[in-house]
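Visitor: Listed here are the chains, written in short residue letters.
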Amino acid sequence: MKPLLACLACLVLASCGALGGGQGDNASTAAQALNMLRGGLFNRGDDAAPPQFTATRASLREAGITGPVLVARIETLGISAGLLQYQEVRGATVWRSLDGDTITTAGGLLRNTRGFGTDLHSLETAPLAQALAEGGETEYSRLFRGLDGLSRVETHRLYCRLEPQTRERVDVLGRGYDTQRYQETCNAQDRPAPIFVNTYWQGAGGTIWQSRQWAGPVLGYVELEEVRN
Amino acid sequence: MRGAGVHRTSGQGGRARRAILPGVVAGLTLLAPTMPVPADTLTGYRPPAPRTTLNFYGSPGLIDMPSAGVMPDGEFSTTLSHFGGITRNTLSFQITPRLSGAFRYSATEGLNLAGFETYFDRSFDIRYQVLQQREGGWWPSVAVGLQDFVGTGIYAGEYIVASRSVSDTLTVTGGVGWGRLGSYNAFGSPFSETRPSFVAGDTGGEFSADQWFRGPAAFFGGVEWQPTDRLGFTVEYSSDAYVTETGQGVFERRSPWNFGVDYQVNRSLRMGAYYMYGSEVGVNFAFSFNPARPAVPPSFEPTPAPFAQRPDRGEAPELWSTDWVADPAARPGLGERLAEGLSAEGQELQAFDLGANTVEIRIENNRYTAVAQALGRSARVMAEVLPPSVETFRITLMDDGLPVSTMIIRRSDLEALEQEPDAVGALQTLVGLTAATPTEEEDLVAGLYPRFDWSLRPYTRASYFDPDNPILMNLGVRLRGSYEFRPGWRVDGALTYRLVGNLDQARVSPSALPDVRTSGARYEQNDGIALETLTLSHARPLGNDFYGRVTVGYLERMYGGISAEVLWRPVTSRLALGAEVNYVMQRDYDLGLGFRDYDVVMGHVSAYYDMSNGYHLQLDVGRYLAGDWGATIAIDREFANGWSVGAFMTLTDVSAEEFGEGSFDKGIRFSIPVSWFTGQPSRRAVGTTIRPVTRDGGARVHVPDRLYDRVREGHLGNIDDQWARVWR
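Protein chains in written order, with this note's numbering: chain A, 1 to 229; chain B, 1 to 728.
Hints should not be assumed to be uniformly reliable.
A short, non-exhaustive set of chain A residues, derived as facing chain B with CB atoms under 7 Å [as the list claims (entries may be wrong)]:
id	residue
1	Arg114
2	Ala188
3	Asp190
4	Asn229
Among the chain A residues that face chain B by a calculated CB cut under 8 Å, a handful are [stated by the list, open to error]:
id	residue
5	Ser122
6	Val170
7	Leu173
Source of the hints: derived by calculation from the structure; they are not laboratory data.
Treat the numbers as computed from the prediction; the structure is a model and nothing was measured.
Note that beta-carbon positions come from the ideal geometry of N, C-alpha and C, so glycine has one too.
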């Protein structure tokens with residue numbers, strides 16, 4: 001009835017099926033793979049070091065995960081996790097962790113996070129997407145929206161410059177892609193230092209295979225990798 | 001505002017979710033050891049603690065003298081200072097960015113006025129910053145203040161003061177004071193020679209405009225040096241001669257010079273040690289809070305799952321069929337799933353109406369401070385449960401069975417907007433809000449009525465400012481019960497049993513009026529089981545934006561009778577008008593079922609205005625408990641996260657002499673949502689109403705569940721203020 005919602009359910013069922021099927025080896029591999037995927041997003045307050053994303057393409061396949069996976073590393077929290085594609089809404093992709101927290105991207109560009117503490121409320125992506133499509137050195141503006149101490153939306157206009165840099169080959173979970181590296185610098189009025197400097201590795205066809213993007217002042221920079229099988 | 005009299009605060013509020021915790025001021029400091037500073041949403045920069053420090057009067061100042069600084073907007077502070085046998089406890093609030101007010105309770109040991117060994121006093125201050133020093137500007141900040149401005153008070157004084165930061169670490173302050181602040185080394189009387197002198201035992205309490213800025217004036221000043229964000233040194237020259245205190249030998253004033261060092265322990269606590277007036281050691285503790293600086297940010301509450309999307313209609317048209325409506329199993333099945341999903345979000349499903357394209361649910365919000373959040377979470381549950389053919393969601397907010405408003409929202413808008421960068425603003429333009437209609441019998445959740453609810457909880461009751469015992473308190477258990485036989489028709493009652501306490505020692509002071517409130521202490525003599533309230537009530541929308549309520553029974557501890565109220569408030573209106581008529585009888589002191597022989601017909605017409613910037617005005621005109629006629633004006637500042645701080649005063653045809661101490665009824669009140677402390681959603685709040693003196697003039701009966709606050713909560717102004725939480 002809800003195919004999009006069903007995505008995650010399928011994954012869970014697939015793994016459950018394996019677990020329940022009495023195939024001992026497969027079961028433990030699948031469980032391990034899910035654990036490797038889980039990462040440490042949701043173990044705040046746990047004294048143990050947060051688990052990291054350690055899955056491989058093979059272990060994902062064994063766990064029955066065939067759809068795209070977004071690997072996110074959040075530097076400030078010292079964590080990494082794999083998020084599964086959960087919804088596609090009007091050009092935006094919602095990636096969801098097994099524990100229910102989400103990252104939304106549009107064409108690989110970070111739009112919001114939910115469930116990571118002081119989240120990125122929202123950052124406009126359309127002007128940047130346009131600039132990346134054009135490919136050259138471009139100036140444009142993006143709107144940043146954050147919540148203040150009273151939970152009211154505060155909007156700031158950012159003035160950004162996108163610069164193509166070198167061509168690089170990046171490795172995403174053991175698979176190489178030829179990419180163009182871009183650097184984006186965004187400033188706000190009356191603030192001397194840039195608010196952020198993002199880096200994008202864009203492959204042929206416009207896919208952002210890898211990026212380092214700002215997720216608001218509290219979360220800081222998030223490293224994203226898109227894994228497609 | 002001094003001398004004999006029973007000094008009580010009356011905890012108002014009776015509504016279950018507005019639990020009152022007296023003594024909250026002390027509790028705050030324990031609950032909030034370190035508080036985050038409000039950060040810049042763009043850079044995360046957290047400014048260090050404000051440069052302005054609070055003085056011994058709890059006002060922005062040096063040590064004992066004021067300065068021209070202001071605290072951050074909305075800052076709510078309590079200071080405790082002590083030197084030379086003088087203790088001052090002050091609650092202060094930065095009402096607007098430039099206007100601030102304070103309420104103080106002070107004790108002077110050995111000041112034998114009006115027959116007390118320790119002289120207790122309550123006083124109010126107000127101050128306004130007329131000029132603010134700009135970065136790179138030449139002009140200093142300038143503030144004008146009235147200290148102890150109602151009554152010929154012991155602390156009465158006025159000042160004009162200028163402060164200028166000459167570097168990042170150094171601030172110089174100089175000012176002119178009158179009254180107490182013009183009592184040492186006066187240079188003359190610039191405006192008027194005569195000033196009424198302080199009279200101990202005077203009823204006080206009146207606005208003493210005839211003395212402001214009159215009489216001798218003197219210069220004061222000082223220098224503050226703050227070499228780090230946390231550490232400060234202060235030298236001041238005081239223009240207060242402490243005439244009354246030194247005359248009674250409270251302490252010896254040998255010098256006008258005061259010296260001190262203070263330290264910012266964390267963002268909420270600043271403490272200082274001082275050498276004062278050449279003879280005394282002093283200490284000052286300042287605890288500061290700000291609604292915009294939650295103890296735990298709400299960002300750590302659980303986030304909802306992404307909004308459920310319907311399958312594509314083109315790909316799966318069969319799923320969009322409306323045949324389900326005719327299925328007799330649809331209503332019980334979907335009702336159960338709705339109730340379950342809503343319950344997980346702290347929302348109680350009370351009624352629902354299923355249509356092929358439109359579904360209405362009626363819910364009671366038991367969890368979220370922000371109504372917008374309750375509506376958003378409920379819409380998510382509807383999207384998870386309801387068949388794809390349902391396009392319009394109608395969510396009616398109920399308050400104890402009273403339908404308050406209906407939000408109308410299109411499912412496809414919710415589906416489309418959640419991931420949009422401007423999801424909050426875009427959705428706001430697309431939702432509709434209408435007045436709710438009465439609940440239809442056939443829509444009720446099967447088996448929900450009649451319903452019975454009860455709770456057994458500890459309670460405290462306190463009285464402050466009694467001259468013999470500044471704080472009197474009872475601790476006991478309260479058994480509450482409610483029986484709702486139809487939506488909006490209910491019986492509520494509460495029994496209390498005192499376990500320990502000393503409230504029975506409260507004084508009963510004589511009164512020239514019927515003792516409608518001064519007899520309050522007599523009701524504390526009962527140490528057995530007490531019937532606090534027992535009421536039968538009915539509330540309902542009357543149509544055309546009118547709401548009505550009738551309540552009969554034991555309305556509060558001191559009065560029983562009948563109360564009827566009508567309120568007019570369109571859902572999108574900033575203005576509301578209301579009328580309430582009560583016939584009440586004074587209850588027996590034993591808090592049983594009997595009545596005394598005092599009864600009165602009283603009531604008010606009321607106008608309420610939401611000024612749309614967080615300020616709320618209320619004017620009530622009518623007859624009060626003692627049969628006096630007059631008006632009450634109240635102003636409250638309410639913050640988007642539910643914090644509220646306000647003040648009220650009542651003037652009636654009772655003269656100041658008849659009224660007695662304080663001259664007229666007045667007080668301050670505040671309420672802080674529990675979610676501000678915990679970061680977790682909750683409808684509970686802590687707070688209290690503080691009256692410096694409780695007398696019989698301008699007194700009202702506390703009718704539970706008055707309509708305005710219940711109705712306003714679900715209306716546009718309130719929902720708009722917290723709208724950003726709709727997606728959370």
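Visitor: Was the hint right that Leu173(A) lines chain B, CB cutoff 8 Å?
Guide: violated (25 Å)
Visitor: Is the interface hint satisfied for Arg114(A)? The criterion is a beta-carbon contact with chain B at less than 7 Å.
Guide: holds (5 Å)
Visitor: Under 7 Å is the threshold here; is the Cβ of Asp190(A) close enough to any Cβ of chain B for the hint to stand?
Guide: violated (10 Å)
Visitor: Would the hint on Val170(A) stand, with a C-beta cut-off of 8 Å toward chain B?
Guide: Given a least distance of 27 Å, the restraint on Val170(A) is violated.
Visitor: Go through the hint on Ser122(A) and say holds or violated, using the shortest Cβ distance to chain B against 8 Å.
Guide: Holds - the Cβ of Ser122(A) comes within 8 Å of chain B, reaching about 4 Å at its closest.
Visitor: Quick check on Ala188(A) please, does its C-beta sit within 7 Å of some C-beta on chain B?
Guide: Given a least distance of 6 Å, the restraint on Ala188(A) holds.
Visitor: Do the numbers back the hint for Asn229(A), that is, is its least Cβ distance to chain B under 7 Å?
Guide: violated (23 Å)
Of the hints listed earlier, those the structure fails to meet are numbers 3, 4, 6, 7, in rising order.
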